[in-house]
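Visitor: As a plain string of letters, each chain reads:
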Amino acid sequence: MSKDDSKIDETGSVSRRDFLRKAGTYTAASLSGAAMLLSDPKPAQATQNVTWAEHFQKNYRLMTEEEKQEAIDRLEKRYSEEFGKTVTVDGSPAIDGVLFGYALNIQKCIGCRRCAKACVQENNQSRGPEQEIEWIRVLRLEKGEFDVNDRDNAGYPEGFGVQVGGNAYKPAGVVLEGQHYYTPEQVPEKDAFYMPMQCMQCEKPPCVKVCPVRTTYRDPDGIVVIDYNWCIGCRMCIGACPYWARRFNWGEPNLPNEQMNPVTHYLGNRPRMKGVAEKCTFCIQRTRKGRWTACVEVCPVGARKLGNLLDPESDIRKVLQTKKVFRLRTDLNTYPKFFYFMD
Amino acid sequence: MKRFTQFIIDFLRAGFTGGAMFWAWMLFLSFFIVLWGYGEYVQLRDGMIVTNLTDQVSWGLFLASFVFMVGVAAAAVTVVFPAYVYHHHELHKVVVLGEMLAIAAVVMCLLFVTAHMGRPDRLWHIFPVIGIFNWPNAMLTWDVIVLSGYLVLNLLGGFYFLYKKYSDRPLNKPFYLTVVFVAIVWALSIHTVTAFLINTMPARPMWFHSVMPIKFITTAFAAGPALIIIVFMLVRKFTPMKIADEALHMLSQIVTWCLGIALFLTLSEVVTELYPSTEHSFGLQYLMFGHNGLSGLVPFFWTAMALMLGSFLLLLIPRVRRNLAILPFLCIAVFVGIWIEKGMGLMLPGVIPTPIGEFTEYVPSSIELMIVTGVWAIGFFVLTVLIKGAVGVLLGEVRYQEKAAS
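As they're listed, the protein sequences go chains A and B. Going by this note's numbering, the first residue of the first sequence is number 1, and it counts up by one from there. Going by this note's numbering, the first residue of the second sequence is number 344, and it counts up by one from there.
Derived from the structure by calculation, the hints contain no laboratory data. Yeah, the Cβ is synthetic: ideal placement off N, Cα and C, and Gly gets one too. Each hint should be verified, as a subset may be incorrect.
What the hints assert, rightly or not - Between beta-carbon pairs, the in silico distance windows are:
#1 A:Glu297 <-> B:Leu466: 37 to 43 Å
#2 B:Pro479 <-> A:Phe56: 45 to 51 Å
#3 A:Arg329 <-> B:Trp645: 55 to 61 Å
#4 A:Asp96 <-> B:Asn480: 24 to 30 Å
#5 A:Thr51 <-> B:Asn480: 27 to 33 Å
#6 A:Arg329 <-> B:Asn480: 16 to 22 Å
#7 B:Phe365 <-> A:Arg329: 54 to 60 Å
#8 B:Leu498 <-> A:Phe56: 29 to 35 Å
#9 B:Tyr381 <-> A:Thr51: 40 to 46 Å
Unchecked claim - The following residues of chain A were derived to be distant from chain B, with all beta-carbon distances above 12 Å:
#10 Ala53
#11 Asn105
#12 Lys108
#13 Ile110
#14 Lys190
#15 Arg246
#16 Pro253
#17 Trp292
#18 Lys323
#19 Phe326
Taking the hints into account, I'd like the entire structure generated from these sequences.
Guide: Written out as structure tokens, the structure is:
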């Protein structure tokens with residue numbers, strides 16, 4: 001959130017009552033498609049627009065079909081007003097007989113991070129210097145490295161190890177096997193290989209277990225989802241995740257209107273609010289409609305495979321049967337459905 | 344019922360009566376409480392971006408303060424236990440003051456947790472019936488149960504006793520003792536569960552060990568009575584209430600032995616982690632020695648160690664321990680040492696480095712400091728009022744008088 005926005009916020013909060021009174025007019029306007037005409041809706045309205053009903057709605061998992069539809073209608077209306085375009089919020093449930101699995105070929109990955117960027121565009125993450133959220137982090141691992149200690153003691157890499165603080169992603173020093181701040185002239189680099197990480201959609205997700213309000217849960221197709229409207233922001237899930245896959249909206253997310261992806265899912269890429277956790281959902285808005293995830297689609301080398309683990313003919317099953325496959329931190333018994341493989 | 348209302352009014356009146364010193368103290372605290380209000384307002388308005396927390400270090404000063412304060416709350420048991428189990432006569436007289444301290448500490452805990460939450464407006468989501476209470480799965484729900492239960496037990500035990508004293512009526516012994524003994528066990532549970540809250544996450548290897556609950560309890564039973572000794576000495580100084588030296592000596596013994604055990608557990612932890620020195624010990628190494636020039640916690644760790652070890656060795660000497668001119672300073676040293684060790688010294692190396700090995704240092708923002716000092720001020724404010732009221736009742740200055748008589 002920029003300084004300017006917070007000013008708007010301050011004045012905006014004064015006119016909250018005013019705004020609620022006007023809400024009815026806005027409704028009519030958006031229904032007739034005239035929302036487009038509302039010039040530059042202010043980001044501050046994101047918080048103002050939230051109707052009382054939204055504050056008091058139940059957890060999505062426990063809503064009846066009618067309540068779900070009401071919640072979705074409310075959101076579509078609000079988002080359309082805020083972003084000045086027709087926004088759809090999908091509520092498609094999991095499809096029977098589907099269990100999503102993902103496989104990533106670390107032999108092919110070139111570390112270009114197009115997946116990470118495409119993911120941000122697709123999933124409406126906050127962007128900009130104040131608060132940048134990426135669900136995919138690509139680890140760069142050095143080839144021929146056999147002594148972690150050397151790097152550990154020498155300081156790694158150049159220029160890092162300097163504290164910068166703040167809420168944005170800024171390098172401060174990385175150890176272990178790989179690190180995710182790298183800015184080469186071009187990829188792939190001769191002396192490196194890459195290992196992207198994101199939410200592993202564990203079958204036994206530690207994040208779900210620790211959530212005190214069950215706002216995050218595993219849907220029947222194996223995707224771990226979050227009802228952003230129910231999250232209390234305690235960040236237990238962030239502490240419990242062994243893959244550092246979860247992100248937090250420290251401030252009001254910054255999502256420019258023109259960049260906002262209007263095709264959303266309730267449990268997926270709909271715009272978030274401040275103070276809630278989020279993470280990869282295997283592009284639930286796409287995959288439940290039979291499409292590839294954004295990262296699979298954009299990968300220039302075809303390193304990413306998504307499929308139905310229950311379908312013996314699927315790509316993912318073929319990968320699991322014929323390739324050398326491993327998963328991360330299997331010692332923790334989380335049963336990730338995100339596999340790494342080599343040809 | 345009318346009598347009870349009168350009790351509350353008289354209690355509060357006694358709590359808010361005092362001389363210039365008292366009002367200066369309350370004004371001093373109020374200044375920080377106002378700052379707390381401002382800090383909370385800013386954080387509510389802009390979100391937690393006003394803190395210096397990050398996705399890398401997502402738990403910081405608020406939760407560290409919470410963990411430490413739960414220990415102080417639990418430590419009321421160091422007064423109650425000797426009083427009722429060992430029939431320690433002198434402590435028995437001041438049991439209710441220990442309970443007042445526990446109430447103030449739990450209030451602070453609740454305020455710290457609220458500050459830690461990204462969406463305090465949705466607090467109701469965790470309430471059973473109207474919200475979803477992920478019990479028994481989520482450790483946080485256990486913490487909610489034990490903490491709120493502890494608050495209720497102390498309010499009940501403390502104020503039932505005071506009310507009976509106020510009305511000059513005999514206690515219902517079976518009822519009162521039941522509350523007291525349940526509260527003793529319950530006190531252990533609040534700190535045990537708080538330890539379980541963070542040591543049940545293998546994603547955070549620094550915390551993932553079974554020594555944590557017992558270490559929490561021993562450090563709590565060192566820092567807590569250290570604070571209680573100071574509070575008792577202040578009560579002796581500023582009110583007519585008599586507290587025997589014997590009570591303080593008992594408490595200083597508890598401080599000594601619990602501190603000794605805590606130091607032993609720290610040693611066990613350090614040896615277990617650093618001898619094999621696996622990647623899992625990176626957090627502890629960062630705490631003790633820093634990493635690649637990131638050494639924000641190093642001076643704090645060694646200061647805490649020096650304070651704890653130094654005061655332990657001094658407390659071992661009976662002549663020093665029983666010297667009431669020196670004791671308060673040792674108590675401050677113990678309290679500060681444990682506050683560092685178990686607060687930020689425990690919270691930060693748990694989340695640094697991240698599960699994928701990233702080191703990010705964290706220094707609380709001014710808003711965070713404002714909120715935390717403000718909560719401390721609220722704690723002292725509440726404690727002052729409660730103790731003044733309780734002392735008034737114990738001394739018989741505050742008691743029920745029939746309308747006709749007055």
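Visitor: Run every hint past the structure and note whether it holds.
Guide: Now the hints, each set against the structure:
no.: 1; hint: A:Glu297 <-> B:Leu466: 37 to 43 Å; result: holds, 40 Å
no.: 2; hint: B:Pro479 <-> A:Phe56: 45 to 51 Å; result: violated, 27 Å
no.: 3; hint: A:Arg329 <-> B:Trp645: 55 to 61 Å; result: violated, 33 Å
no.: 4; hint: A:Asp96 <-> B:Asn480: 24 to 30 Å; result: holds, 26 Å
no.: 5; hint: A:Thr51 <-> B:Asn480: 27 to 33 Å; result: holds, 31 Å
no.: 6; hint: A:Arg329 <-> B:Asn480: 16 to 22 Å; result: holds, 21 Å
no.: 7; hint: B:Phe365 <-> A:Arg329: 54 to 60 Å; result: holds, 57 Å
no.: 8; hint: B:Leu498 <-> A:Phe56: 29 to 35 Å; result: holds, 30 Å
no.: 9; hint: B:Tyr381 <-> A:Thr51: 40 to 46 Å; result: violated, 29 Å
no.: 10; hint: Ala53; result: holds, 15 Å
no.: 11; hint: Asn105; result: holds, 20 Å
no.: 12; hint: Lys108; result: holds, 21 Å
no.: 13; hint: Ile110; result: holds, 20 Å
no.: 14; hint: Lys190; result: holds, 23 Å
no.: 15; hint: Arg246; result: violated, 8 Å
no.: 16; hint: Pro253; result: violated, 9 Å
no.: 17; hint: Trp292; result: holds, 26 Å
no.: 18; hint: Lys323; result: holds, 24 Å
no.: 19; hint: Phe326; result: holds, 16 Å
Comparing the model with each earlier hint shows violations of hints 2, 3, 9, 15, 16; every other hint is respected.
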